[in-house]
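There are 2 protein chains.
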Amino acid sequence: MTSPFAALQRQLGPGKVLLSPAERGNYRFDGIQFGVRPLAVVLPETVEDVVAAVRAAKAAGIPVVGRGAASGLSGGAVPLQPSLVVSFTRMTGLTIHPERREAVAQAGVVTLSISDAARPHGLVYPPDPASFRTSTIGGNLGENAGGPLCFKYGVTGDYVLGVEMVDTDGEVHRLGRDAYDLTGLLIGSEGTLGLMTEATVRLVPPAKYSRTLQASFTSVEACAAAVSAAVSAGAVPAKMEFMDGACIGAVEDYLGLGLPREAAALMLVDTDGDDPAQVEAEMQLVEAAFLAAGGQVRRAETETEAAALWQARRSVSPALGRIRPLRMNEDIAVPRSRLPQVVAEIRALGEEYGLPLVQFGHIGDGNLHPNILYDPRSDDPAQVHELAHRIALVALQHGGVLSGEHGIGSMKREFMADAVDPVTAEAYWAVKDALDPDGRLNPDKLLPPRPTHLEDSHVHS
Amino acid sequence: MTSPFAALQRQLGPGKVLLSPAERGNYRFDGIQFGVRPLAVVLPETVEDVVAAVRAAKAAGIPVVGRGAASGLSGGAVPLQPSLVVSFTRMTGLTIHPERREAVAQAGVVTLSISDAARPHGLVYPPDPASFRTSTIGGNLGENAGGPLCFKYGVTGDYVLGVEMVDTDGEVHRLGRDAYDLTGLLIGSEGTLGLMTEATVRLVPPAKYSRTLQASFTSVEACAAAVSAAVSAGAVPAKMEFMDGACIGAVEDYLGLGLPREAAALMLVDTDGDDPAQVEAEMQLVEAAFLAAGGQVRRAETETEAAALWQARRSVSPALGRIRPLRMNEDIAVPRSRLPQVVAEIRALGEEYGLPLVQFGHIGDGNLHPNILYDPRSDDPAQVHELAHRIALVALQHGGVLSGEHGIGSMKREFMADAVDPVTAEAYWAVKDALDPDGRLNPDKLLPPRPTHLEDSHVHS
Numbered sequence: 001m002t003s004p005f006a007a008l009q010r011q012l013g014p015g016k017v018l019l020s021p022a023e024r025g026n027y028r029f030d031g032i033q034f035g036v037r038p039l040a041v042v043l044p045e046t047v048e049d050v051v052a053a054v055r056a057a058k059a060a061g062i063p064v065v066g067r068g069a070a071s072g073l074s075g076g077a078v079p080l081q082p083s084l085v086v087s088f089t090r091m092t093g094l095t096i097h098p099e100r101r102e103a104v105a106q107a108g109v110v111t112l113s114i115s116d117a118a119r120p121h122g123l124v125y126p127p128d129p130a131s132f133r134t135s136t137i138g139g140n141l142g143e144n145a146g147g148p149l150c151f152k153y154g155v156t157g158d159y160v161l162g163v164e165m166v167d168t169d170g171e172v173h174r175l176g177r178d179a180y181d182l183t184g185l186l187i188g189s190e191g192t193l194g195l196m197t198e199a200t201v202r203l204v205p206p207a208k209y210s211r212t213l214q215a216s217f218t219s220v221e222a223c224a225a226a227v228s229a230a231v232s233a234g235a236v237p238a239k240m241e242f243m244d245g246a247c248i249g250a251v252e253d254y255l256g257l258g259l260p261r262e263a264a265a266l267m268l269v270d271t272d273g274d275d276p277a278q279v280e281a282e283m284q285l286v287e288a289a290f291l292a293a294g295g296q297v298r299r300a301e302t303e304t305e306a307a308a309l310w311q312a313r314r315s316v317s318p319a320l321g322r323i324r325p326l327r328m329n330e331d332i333a334v335p336r337s338r339l340p341q342v343v344a345e346i347r348a349l350g351e352e353y354g355l356p357l358v359q360f361g362h363i364g365d366g367n368l369h370p371n372i373l374y375d376p377r378s379d380d381p382a383q384v385h386e387l388a389h390r391i392a393l394v395a396l397q398h399g400g401v402l403s404g405e406h407g408i409g410s411m412k413r414e415f416m417a418d419a420v421d422p423v424t425a426e427a428y429w430a431v432k433d434a435l436d437p438d439g440r441l442n443p444d445k446l447l448p449p450r451p452t453h454l455e456d457s458h459v460h461s
Numbered sequence: 001m002t003s004p005f006a007a008l009q010r011q012l013g014p015g016k017v018l019l020s021p022a023e024r025g026n027y028r029f030d031g032i033q034f035g036v037r038p039l040a041v042v043l044p045e046t047v048e049d050v051v052a053a054v055r056a057a058k059a060a061g062i063p064v065v066g067r068g069a070a071s072g073l074s075g076g077a078v079p080l081q082p083s084l085v086v087s088f089t090r091m092t093g094l095t096i097h098p099e100r101r102e103a104v105a106q107a108g109v110v111t112l113s114i115s116d117a118a119r120p121h122g123l124v125y126p127p128d129p130a131s132f133r134t135s136t137i138g139g140n141l142g143e144n145a146g147g148p149l150c151f152k153y154g155v156t157g158d159y160v161l162g163v164e165m166v167d168t169d170g171e172v173h174r175l176g177r178d179a180y181d182l183t184g185l186l187i188g189s190e191g192t193l194g195l196m197t198e199a200t201v202r203l204v205p206p207a208k209y210s211r212t213l214q215a216s217f218t219s220v221e222a223c224a225a226a227v228s229a230a231v232s233a234g235a236v237p238a239k240m241e242f243m244d245g246a247c248i249g250a251v252e253d254y255l256g257l258g259l260p261r262e263a264a265a266l267m268l269v270d271t272d273g274d275d276p277a278q279v280e281a282e283m284q285l286v287e288a289a290f291l292a293a294g295g296q297v298r299r300a301e302t303e304t305e306a307a308a309l310w311q312a313r314r315s316v317s318p319a320l321g322r323i324r325p326l327r328m329n330e331d332i333a334v335p336r337s338r339l340p341q342v343v344a345e346i347r348a349l350g351e352e353y354g355l356p357l358v359q360f361g362h363i364g365d366g367n368l369h370p371n372i373l374y375d376p377r378s379d380d381p382a383q384v385h386e387l388a389h390r391i392a393l394v395a396l397q398h399g400g401v402l403s404g405e406h407g408i409g410s411m412k413r414e415f416m417a418d419a420v421d422p423v424t425a426e427a428y429w430a431v432k433d434a435l436d437p438d439g440r441l442n443p444d445k446l447l448p449p450r451p452t453h454l455e456d457s458h459v460h461s
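In the order they appear, the protein sequences are chains A and B.
If you count by UniProt numbering, then the first sequence holds residues 1 to 461, one letter each, in order.
If you count by UniProt numbering, then the second sequence holds residues 1 to 461, one letter each, in order.
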């Protein structure tokens, strides 16, 4: 049987269009989620290649799924139907404009390489998702990725001045952020409204100085209160990372760093800025608030000591891999004041299901990553999924949201029905239908199920 | 003849629904533009009142135009058809949440009063449109208003965490900024997609120290080069305001401050921050760059001196009113590197049309306000409009945009056909039709004319 994309392969060349089952099979998954093998994979080198691919998919009536480095954790880049995958890894054009403090990056540019190219000009691109050494800017745009620095410096979308986008018909749009902010609408839309092929992003001078503190607390309540007190006192740390007791134990089992196993919470905090006295003064605010809340505080005196303190946080992922081979990594964000109760309720749920569960995250903006650890050979995937759903409901019950920085993708899509009320779901679907009337752009991602009476009208029209 | 809003008046009470011609006549205009007298004016006190008004307008098939303090300069709040005007000035609920660094403000809250209420908690709301003593947050949201501080601190949309919105059917949405960023889409949409009734905005601690500098240049080229050199050297001033030679002359005629009449450009610059040494160091970067470009520099040593230097910039509006009774205030934004040529071309256009024209603006982000001064008793309005259009085209030819901070409204709506290519205009209209299928929300504002083939499909469907 001839592939519907054989003509596209002849048009673009065999190196740009993968049709063999073995090659296509590599494009089923992201960092955690699995989907189905795509019908074809396009590796565009120019926006014209993207246009050709999108038009071929339209002619064949086949879904289109964009993909960067596939380091995502929520399945945004995972095809759920037989699809055309557009993998942007060869679109790596990058230009730094120091005088305008801007970078123009094609979708396949690795996030960290923007800062690497800008640093000789005294500039950096601040958003720092954990995967930023491998993730692409296109994927970051699709998920509106955050990172430890986002409490102080903001998320991906805060740095985007404009994008180039190929729509479902293969038309190319060059969008700024004026009039209707379609750029803002596209950011975080997980490829369901169009494929972003290039972005112009803002660069800023990096902070010249930083200070590092590690603190442990005997309760999550004390830790959360300490964080709130520090923020209320005027501190805006660059990073504020939280690890729960289970997480501390996992890292300590792994590396034996001498972490306090008896602690219920460990905090890592960096302050930064251009004036060393100011950076120190801000850290003193944090330290005073943490001590007043009963925290045990350690300060790094050198960069080497700072790196040693941060090693605990950086070692979380490999430490968890030793406990169970797989994990379901949630990404809720809740009001900071609710953290103690949220952490306690989620811990109790883990115990109820008998599954190892650790919690860590960017506590400054209430972004928590409860990780369910499991072994697919012995644990029931349905139980894991049910536990993940109940964790999502805890976040929503406390006024939180389903995603702090990883996106909704396929993993949490089902939970969106709990998170979005029907009247707003209708507005989402109205926008989706307006920009993707055939529903071929990354289907079954992000959006809650279509409200029933809309589904009727869609079927009958 | 009974008003289609007589029943609404009975429902809400006569004080909330104005039907008499005299009362309605006051709602025809904003700060500059004139429109038609509305059919009725609603003064809602609650979101339920807004819902009732929007539903009454829907039942009667009549357009709805939102309105704040009517201090806008582009006609966004001006009804162009017989409409229902929803004037938000009584919806003034305001709550400060210091521990979350957030304010919840209803649409009618005066912009400056957010900072007034937050300052006792050590917090402010930075966006500072020139009208911020009278403008409302709802109007600022509709136009995504900026101000002098926006170069360093960002515009209205950068501070919005979520909104409450009443859609064209009278349904209430509470929107955050996750999933599809409908909040971001609404901000700057000038009431064409929904009526924002409340916003949750981010507050920040105000800078503790500031320094002020005034500088004059013998050419706009030297001034623009000086600004670019200062920014490239790492300075991010809080404010960077520019006045051209005609503007200097107008202010000097008015107040006799001793400004250099022979100068082609005057700059006012503030640096700010929490560390006085850092604030001074940043100003020294600016001063060095300005001196190297041939600028004559004056530094303020005290707050009184700083206020005296700023008086020149603050007096621009009254100074212009003495020259001609009316003015057309444009609001283009162009790449900073193009400013010298843009200022020269616009000055030449003013001379060609024989109309007094001054230019000033927030030069840090290339936002320029060319003001055409005219007298409707002696000057031809068609000539004024044509000149305004040619100024808009100069901005577009140099890679700029039609609005830096005032919005498009009715004033520049016609020019949008030059600014937005047809394929993106189609995307705008697709979104507009999705969220406002009857086209009753603030018609004939912001959007370029509907592309022809879309118009056909709209008529036939």
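Please keep in mind that the hints were generated in silico from the structure rather than gathered at the bench.
Where hints are given, some of them may not hold.
Each pair may be met inside one copy or between any two copies, as identical chains are not told apart.
Said to hold, decoys possible - Computed cross-link-like contacts, DSSO-like style, restricted to lysine-lysine with a CA-CA straight-line distance of at most 27 Å:
| # | residue 1 | residue 2 |
| --- | --- | --- |
| 1 | Lys-208 | Lys-432 |
| 2 | Lys-152 | Lys-208 |
| 3 | Lys-16 | Lys-152 |
| 4 | Lys-58 | Lys-152 |
| 5 | Lys-58 | Lys-432 |
| 6 | Lys-16 | Lys-208 |
| 7 | Lys-432 | Lys-152 |
Going through the hints against the structure:
1. When the C-alpha separation of Lys-208 and Lys-432 is checked against a cutoff of 27 Å, the pair qualifies neither within a copy, at 44 Å, nor between copies, at 46 Å.
2. Taking CA atoms no more than 27 Å apart as the test, Lys-152 paired with Lys-208 passes in both settings, with 15 Å inside one copy and 18 Å between copies.
3. Neither within a single protomer nor between protomers do Lys-16 and Lys-152 lie at most 27 Å apart by alpha-carbon distance, with minima of 41 Å and 43 Å respectively.
4. Proximity of Lys-58 to Lys-152 under the C-alpha cut-off of 27 Å is found in neither arrangement, the shortest distances being 42 Å within a copy and 44 Å between copies.
5. Within a single copy, Lys-58 and Lys-432 get their C-alpha atoms as close as 16 Å, and across copies as close as 24 Å, so both meet the 27 Å cut-off.
6. Taking CA atoms no more than 27 Å apart as the test, Lys-16 paired with Lys-208 passes in neither setting, with 43 Å inside one copy and 56 Å between copies.
7. Taking the shortest Cα distances, Lys-432 and Lys-152 never come within 27 Å of each other, neither inside one copy (32 Å) nor across copies (34 Å).
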